[in-house]
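Chemist: Protein chains in written order, with the working numbering: chain V, 104 to 701; chain F, 42 to 333.
Misleading hints may appear alongside valid ones.
[Said to hold, decoys possible] Pair by pair, the computed Cβ-Cβ distance ranges are:
no. : chain 1 : residue 1 : chain 2 : residue 2 : range
1   : V       : Leu256    : F       : Ala106    : 47 to 55 angstroms
2   : F       : Lys299    : V       : Phe555    : 30 to 38 angstroms
3   : F       : Pro160    : V       : Leu256    : 26 to 34 angstroms
[Said to hold, decoys possible] Here's a subset of chain V near chain F, in silico, CB distances under 10 angstroms, partners left out:
no. : residue
4   : Ser241
5   : Glu272
6   : Met276
7   : Val372
8   : Glu402
[To be verified] Not everything, but these chain V residues come out facing chain F in the computed CB check (under 7 angstroms):
no. : residue
9   : Ala238
10  : Thr298
11  : Arg300
12  : Ala302
13  : Leu406
These are calculated hints, taken from the structure and not from any lab test.
The C-beta atom is built at its ideal place from N, Cα and C for all residues, glycine as well.
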Amino acid sequence: MSQAANTIDIAPDHKQTGKFNSDRMQLTLGIALIVATGIGPSLLGNSYWEHTFQLVNIYIAVAVLQNFLFVDAGQKSFGQGAIVGLGAYGLAIASGVHGWPLIIGALVGVLAAGAGGLLFALPALRVQGFHLGFATLSAAIVFPQLLIQFDGLTQGINGISLYIPALTEPLAMSLSPLTILVTLVPIAALLLHYTIRNARLGRRMRIAAESAEAARSLGINSGFMRSLAFIIVALGTGVCGALYVPTVGFISPQGFIIELSFIFFFAVVVGGRGQLLGPIVGIWVVYILPNVLLVQLVEYRLLVNGALTLAVVILFPDGLVGTVEAWRRKRNQRGGGEEGFSLRPFTDTLMKRPEQPIDANAAPIIDVEGVTKRFGSVVALDGVNMQVRPGEVHGLVGANGSGKTSLLNVISGFSRADAGSYSLAGRNVTRAAPVSIARMGLGRTFQTPRIFPDFSVWDNIRIGLDAREAPLDAEEQALVERLRTSYEEDSPRMMSHGQRRLLEVVRVSLAAPRVVLFDEPAAGLSPSEREEFAKLVRQLSRRMGMAVILVEHDLDLVWGIADRITVLETGKVVASDTPQVLADDPAVQHLFVGGAHA
Amino acid sequence: MLSEIVIIVIRGVAIGALFSIIAMSFNIVHNATKILNFAQGNVFILGGFAAYFLANQAGVGMWLAMLIVTSFGIAVLVAAQGWLTLLPLTDTNEQNSWLISTVSVSVIISALLLLLYGPFSYTVQGPIPSFRVMGIKTPGAFVLAIAAAIFWYVALRLFLRRSFIGLAISALSQDMDAARAAGLPVQRLQLLAFAISGAIAGSVGFMVAPVISVSPDAGLRYVLNGFIAAVVGGIGNNTGALIGGPLVGVMAMLTAYKVGGAYQDLASLIVLVTILMFWPQGLFGRAAARKV
């Protein structure tokens, strides 16, 4: 595969052996399985399996949504059974008790479920993880109690019957409208999961779920993402709840006890967290196996499911489908080795842009004045002043513990100054949240690169584009296209530490921020990668007009590319000037002791 | 009127002391491992079952002996659970599996109890007779509940601040990597923390069996209220837990008397959601240093 001399050789000669993920294949297979089990029994005239799979497919739809919530949004809910119940009771009360039209009843059910989702979504704005686990568990326990308590509304333990003959009358080929509906709903849930996962929204949800810092630095509001996921899932689960009523014909509080919520949760884990096919296999194992095939063991099903889930978590944490997928991925995994990722295509594209002079009199884009930051009795920053002009490369150097990272954290909003002020592009952002600072055009990298192993290399780059507001020009468009074709099937697990850093650098640069902070970017880079990185920094500043703040221990690198350098010592600025002036400053000389600098 | 207030306060504080104890048993494991053991409520109930089968209507000597046996037995059981829970955590991609495994263990315990003893609530008679406070009959186990909360609070405080092992466990809560680098046997300390949490929950479940519902499905309610007490007090903060428990307990009793017993769990849910929304660090929480 040789390319013409003037095109950019990104990733030479790596053999295409397989897809990075099998989502597409799992989606197709999943739909096929649901169609077969959904309409197959009716076509064959087997009413026992027809009825069984009607319920099973509703459960599958709920589990698919829970899978999305669990992995793509990172939220563990133990209360999805209660949401199903809200959907079911909404319809049953509206249409079964009060005789409202079915379509209105279904809408009431979906809205009731949405309201339940809101109960989970509101605390999700502030907290996550086990906090929400307990809140949802608590809701699942309370829900059946309330059904009994408000018996004026719900008919208490007597339950509500609602038969809808119009739905069960066969239309053609012994297929009833109900059969068709309960086949379509899990398919719709699967498509929803697949679509969101592959859209900007899904990628940003996943980032919010996996790394709060990365999310903030990309302008993603994690709390909002969590709440949104809870609400989307609750509305979809409400549809399933409404369908549950005509499928079973009768509902009572006993049907929505916490055990139901556990079925969905266990199904997702056993089937394989995050695998599109997982919930389908999971419900088959967790529900069909004990309830249908081993009826004599039905009283053991909670014990069996609990033990099965525990065993899966410990022995096959990827679950049934996930274990197969992990094996496939391992066999097909590809990366480009040493040449697998480089900045070359990026720097070559930027090279084609004209150089813009830096306006020495421009107002500073970053203006830090008298900033002090304390951690307990430790003063990390002590009255720091620093100005950075647009397009300037600003080095930040100093020994370990001198306050470099603390200053970066204040600038990116990750920690708040105790005293002093900080303005970004003329706006005072001393008390602003990191998300709004990021949205004002500030990007950053981290000492430990935030790379998402479940994303392909291309998707890891793409989340930078997702955060971008400026449109791409033709050159950039071509670059992006080339990055996509080169990296969309590559796994970041194969990348070296240095390559991960460069990947993060490309990601943040493609987001086109006005100011970019690099936190020790050169650590772990090979000499040639380092050279390429230095070139990129110059280009970002000269050709893209970005201000660059560079925290780095490699003083050669800093002296080579910075326009100005600020030297920190125990939280104070001891010098700030051009590299030429600082090289002769006695206050800075000791930094070089032991180095190769004369 | 006055007697009603007395009932609410006494019952609330006594039941709340149990929530404090469950919260403290959460805290020691959380501080050592960042794990919250969802099975803790069923571990507590397990103590109640032990009291029924080993020491129902027993004399004080027998009761004390069985209390010690139960504490050790449940401590070993929870340490084993901890070992299983920690197994997958060595893989950095599996940092959240504890939530699944502790919930599974919780389900397994209650399913086993259900299979073995049926869906019944067992009545246990303890060694301390009931007495009267302002003319109101008060179970002796209430005194035990409050005494146990204070005992475990003081014991944990001394252990975590004075003993070498306790200090090592405290070190884990501050910086796991540093503790490992300093050569502390991290996993053994974590298992010890699980064992201690089991001893706390199991022993108290045993002691207060006469006033709790000793039934297979009761565990979840105790774990939830214990969690709420822990959240109110700030997770990891035992002093907060000691105060948070009675607050939650009195609130629950107030709901039971003013609105109806069936609404207790609803009231707990509302308190939990409110606290999480407005004071996610708890009322007495401590600020954690931010990590980047």
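Chemist: Next, verify each hint and record whether it holds.
Modeler: Status of the hints after comparison with the structure:
{"no.": "1", "hint": "V:Leu256 to F:Ala106: 47 to 55 angstroms", "result": "53 angstroms, holds"}
{"no.": "2", "hint": "F:Lys299 to V:Phe555: 30 to 38 angstroms", "result": "51 angstroms, violated"}
{"no.": "3", "hint": "F:Pro160 to V:Leu256: 26 to 34 angstroms", "result": "27 angstroms, holds"}
{"no.": "4", "hint": "Ser241", "result": "5 angstroms, holds"}
{"no.": "5", "hint": "Glu272", "result": "40 angstroms, violated"}
{"no.": "6", "hint": "Met276", "result": "42 angstroms, violated"}
{"no.": "7", "hint": "Val372", "result": "5 angstroms, holds"}
{"no.": "8", "hint": "Glu402", "result": "7 angstroms, holds"}
{"no.": "9", "hint": "Ala238", "result": "6 angstroms, holds"}
{"no.": "10", "hint": "Thr298", "result": "25 angstroms, violated"}
{"no.": "11", "hint": "Arg300", "result": "18 angstroms, violated"}
{"no.": "12", "hint": "Ala302", "result": "24 angstroms, violated"}
{"no.": "13", "hint": "Leu406", "result": "4 angstroms, holds"}
Of the numbered hints given earlier, the model fails hints 2, 5, 6, 10, 11, 12; all others are met.
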